[in-house]
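Visitor: Chain order of the listed sequences is A and B. Okay, so the first sequence: first residue is 8 according to this note's numbering, each after it adds one. Okay, so the second sequence: first residue is 145 according to this note's numbering, each after it adds one.
Think of the hints as simulated: they come from the structure by calculation, not from any bench. Beta carbons are placed, not taken as given, at the ideal position from N, Cα and C, and that holds for glycine. Hints should not be assumed to be uniformly reliable.
Below 20 Å or equal to it, Euclidean Cα-Cα: the simulated SDA-like pairs (lysine to any residue) are [to be verified]: (1) LYS242/B / ALA9/A; (2) LYS242/B / ASN37/A; (3) LYS242/B / ARG51/A; (4) LYS242/B / PRO68/A; (5) LYS193/B / ASN109/A.
Here are some of the chain B residues that sit facing chain A, going by a computed Cβ distance under 8 Å [stated by the list, open to error]: (6) THR149; (7) GLY152; (8) PHE234; (9) PHE245.
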Amino acid sequence: IAGITQAPTSQILAAGRRMTLRCTQDMRHNAMYWYRQDLGLGLRLIHYSNTAGTTGKGEVPDGYSVSRANTDDFPLTLASAVPSQTSVYFCASSDSADGPYNEQFFGPGTRLTVL
Amino acid sequence: AQSVTQLGSHVSVSEGALVLLRCNYSSSVPPYLFWYVQYPNQGLQLLLKYTSAATLVKGINGFEAEFKKSETSFHLTKPSAHMSDAAEYFCAVSVDYKLSFGAGTTVTVRA
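This is chain A alone, in the form it adopts within the complex:
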């Protein structure tokens, strides 16, 4: 059972470049999330999707976009990367049918450095 896979594992990117972080889950979860993790700030929600075809903005959405064409995939795109987007990015999924107690399952993360 793979759970959630993320690609790439790490990336160094020049400022101004476009980058898509990939996330795929095989648990048939309807909800998916993108977080960024920064030292001393914990994890902050960037975007989420409650079900295929819908997306929503989280706490820090500026500079990022997402799409949810199907249940399994939830890519995160940086249209024009800036150094402040240097971070570790985590994708997560959950079965929202469990209600507010739903456990989120996390991928291994993508470490992104923008120079």
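Here the structure of chain A is known, so what remains is to put chain B in place on it, guided by the hints.
Guide: Using the frame of chain A, we list chain B on its own:
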């Protein structure tokens, strides 16, 4: 808005000693609270969650947390630390089915 605050960004304990990680929440309604653990270079995994069925919640790896409404706290404890407990721990609250995390507490275990 509901949020959690973790007291102490770093905790160092001796192997075999008590581990105590503090988390306070701000909520005007019964909160849905979680503790997650992140081992080095890995994603987060659930330790335990408060579902209002019981104030003392037992999780994996010998951890437990007690919900205290009067203190608005959900502190995490483990009676005897093991070297494998070295990790970062996050308290989180569910808001509209989305998680809001605390800043995290890094635990180091001394031999």
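Visitor: Holds or violated: LYS242/B and PRO68/A, Cα atoms, limit 20 Å.
Guide: Answer holds: LYS242/B to PRO68/A is near 14 Å, not above 20 Å.
Visitor: A closest beta-carbon separation below 8 Å is what the hint needs, so does PHE234/B meet it against chain A?
Guide: Status holds, d = 6 Å.
Visitor: Please verify whether LYS242/B and ALA9/A have alpha carbons no more than 20 Å apart.
Guide: violated (23 Å)
Visitor: Is the hint on THR149/B kept, meaning its closest Cβ partner in chain A is under 8 Å away?
Guide: Not OK, violated: THR149/B not within 8 Å of chain A, min 11 Å.
Visitor: Taking the least C-beta to C-beta distance, is PHE245/B closer than 8 Å to chain A?
Guide: Holds, about 4 Å.
Visitor: Hint validation: GLY152/B versus chain A, beta carbon distance must be below 8 Å. Holds or violated?
Guide: violated (12 Å)
Visitor: Holds or violated: are the alpha carbons of LYS193/B and ASN109/A at most 20 Å from each other?
Guide: This hinted pair holds, its Cα atoms lying about 9 Å apart.
Visitor: Is it true that the CA of LYS242/B sits at most 20 Å from the CA of ARG51/A?
Guide: Within the cut-off at roughly 11 Å; holds.
Visitor: Taken at face value, is the distance from the CA of ASN37/A to the CA of LYS242/B at most 20 Å?
Guide: holds (13 Å)
In summary, the numbered hints that this structure violates are 1, 6, 7.
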